[in-house]
Amino acid sequence: MPADTPRRIAVRKHKHVNRRDFLRRVGWGGVGATALVAGAGQARAAAPAAATYPDWIPASPKPPKRGGVLTRASAWDPPVIDPRLTQSVGLFQFAGLTSNRLVRHPFSDEAAGPSDLTLKGDLAESWTASPDHRVWTFKLRQGVRWQNVPPLNGRDLVAADVKYCFEAYAREGVQAFTFQEIEGMETPDKYTLRVHLHTSNVLFPQNLAEPVAVIFAREVLEEDGDLKKRMLGTGPYILKEHTRKVRVVLQRNPDYFDKGRPYVDEYVILSTPDAATRLAAFRTGQSDIIWLASPSEVETVRKTNPAIVVQSYHNTLAPFGLALAQDRPPFNDVRVRRAVSMAIDRQRQVDTVYEGHGIAGWGVPYIYYRDKAPTVKDLGPWWQYRPEEAKRLLAEAGHPRGFETTLFYYEYFPQMTSQVQLVQQELKKNLNIDVKITKLDYTTYYGRYVEGKWDGMSWGFQSGHAVGLDERTYHYMHSKSTKNFFRVNDPVIDELTTKLRRTPDRAEQRALTRKIVDREFDQVLRMWMPYDNGFLVFQPHMRNVAAGALRRTDGYGSPTITRSWIDK
Amino acid sequence: MYKYVIRRLLFALPVLLLSSLIVFGLMRVMPGDALVALMGESGNVGQRELAKLRTDLGLDRPYHEQYLIWVWQMVSLNPGDSIFTNEPIAVALKKSIPVTLELATLAMVLGLVIAIPIGVLSATRQDTPSDYVGRVVAVSGLSLPDFWLGTLVITFAAIWFHWIPPIGYVSFWESPWRNLQQFLLPAAVLGFRLSAATMRMTRSTVLEVLREDYVRTAWAKGLERRIVVYKHALKNALIPVVTIVGGQMATLLAGAVVVETIFALPGMGRLTVEAILFRDYPVVQTNVMLVAATLVTLNLLVDLTYAWLDPRIRYR
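Sequence order for the protein chains is A and B. Just so you know, we're using my numbering here: the first sequence kicks off at 1473 and counts up by one. Just so you know, we're using my numbering here: the second sequence kicks off at 560 and counts up by one.
Worth flagging that the hints you see were computed from the coordinates, not collected in a lab. Heads up, none of these hints are tricks.
With a straight-line cut-off of 30 Å between C-alpha atoms, the simulated DSBU-like cross-links for lysine-lysine are: (1) A/1700 / B/611; (2) B/611 / A/1952; (3) A/1863 / A/1849; (4) B/611 / A/1925; (5) A/1701 / B/653.
Assemble the whole structure, with the sequences as input and the hints as a guide.
Spelled out as structure tokens, the structure:
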């Protein structure tokens, strides 16, 4: 266009921007801005692949420093602080610091690596079993005092406290199944607790080491009638403040039995429900620990905070999978289950949804039956992506033209929706199975799922807190267990999981666990789906904070903070 | 005037009653209850335990009984306890109302501070670049969702300035400076959205008023531009603006839910959403009734403001 057209002159003369001119300029500006943003996005997508981060951060060789405040922006809020009523990570991100268990797993400065699950004494100094593993005797550590807060005022912890606590757990609430296994208890002396079980269980101490099995104060329950208002324990930190949806403040317990510990004076957990805000808080130093799901997120943070310490977290199990109504057609036919499993490309989910940093999916922690994490190939024939064979198998089962079914789920995290949609597409494409998806809110989903009367499929889960083998096998797979949400009803599994509880030898336990897993994979009893590995990211001044398998420092693995310190 | 106010207040009663029935009914229609939510992530509660807890909390009573108990609690200004936390609802509200009130007030002030001058400027300089800029700002405010703007603001503040509002709510009385740091950004985000509609309304009504005879007369008398625009035109242009500002309270409360979540503020929005998700019936019901009562009152106040703005209006 020539420099001075009559129109341009007119515009200058009247000092008015013509509406069309304006819109055109804005339009071009918008195109430019879009291109800029798209370009920036492109640059991010084309960023080099994430560096390899270590999966374990060894304990610091330096002498620990006392003091400082550890802060963490947290996604979770405790629904209630009564450990009888919830096993929510919102509560156990700090309950393991205010309270102890009888036995525990190693802290990060004691552990040989993330998979080290050697049991250590917490309130118990030692424990022994009768030859038939029905009677367990725990010798308590002497000189352990309750926190010096009314109504306990620092009195000694005795065996009767533990007995009272276990009885309360068995009476009502979410831990009843575990503690109803106890037939009776006795306290032959002040520091000895003898537990009689209904049946033999060599894995019983493992159940007591679960992060949720904390010992609470008898006086509080008796005075308040519940544990919703006060949380008092024997742990390294005293709950100084709990303001819902704002913060939890934990203050160092000067009378903690492990003298000199903890090192950090105060641990503040800030309720921050929004992921972007948590990330911003970490970037600006308001938070010392953050969980990031993908390598690209870590790389993005490293651009602004290059000194961060990153632990590549490797999950030992997947908590989510396709739960099928396997007690009724069509999923009561193992051929249908196998066909569905073979029609799903798990590696594709790992590569696309989790940017390659995920696991193919299995339910029992692999560390109990093998040394290295399984690959898709290790999961057996029915877990390979073989659409043609899947089609043949489904036809054999009497569904050559596929069928219609339903799938309901709750979006625990955004990637889950992508997974659900990929499964829907693959089942349609490969088997002509029409899956009608229903996305529900948490309470509706949970209520429907645990009721166990649904048809079709659900994106099912197993609880996230459990570390122990007994919990992951007998509790979640035995047909009589109240936690058997996947509706497994397999006599072989029942027999094997029961036998496992009676097998003290570790090598035999491994072999039995292997059999359980093989049976599960062969019968496709629980159709696990890929899950992310993620990264724990720490500010550079944090020491001894590494997360162990199944126990993230920012979640159920919080007790390890007892040994953490701040190097600044 | 008094008769009018009393009549309006009496009319409000059926509105509140209907609201109470709707919210009570909707909560009961939703699948699941507080216990199911509470036991979530646990996966370990037998039906016997659930039934016992349900009885303890009165959730097994007939609906009409539950409704009447709740209405009585509301009338006697004792809304009861949260099913989920056991905390008295009055205590929870005492903590959350000041947060939302502060956020809403600041957002409203910021919104008006942005909207009215730009609206007037847009109108008095119609079809000039400043008008177009003002209109683009207004359209942006209408079209950019709060969650997006809030996320953008907090992310870029962290990257560019290495600063975000301090997390962990502190009341104004504890630390005024920290409190203001916590509220200014979220209020700006919320206010920006509020300002958009007000800005557009101000512009169009001022434009309309500027064409009135009495304004022309004011110009003809040789009055200063400032006096003509702000004293003669603006006051008369404000009636529809006040209407829209009053009506925006509902939008503001809805926006507060998102903004409170992003900026980690423990206000009414978060309280209500969490209570809905966890089926904490008494909390949801009380909060909704409180919002309904607030909106009814605000509408009345807006109507009463007309008379102050326009002396020709009389209430009988």
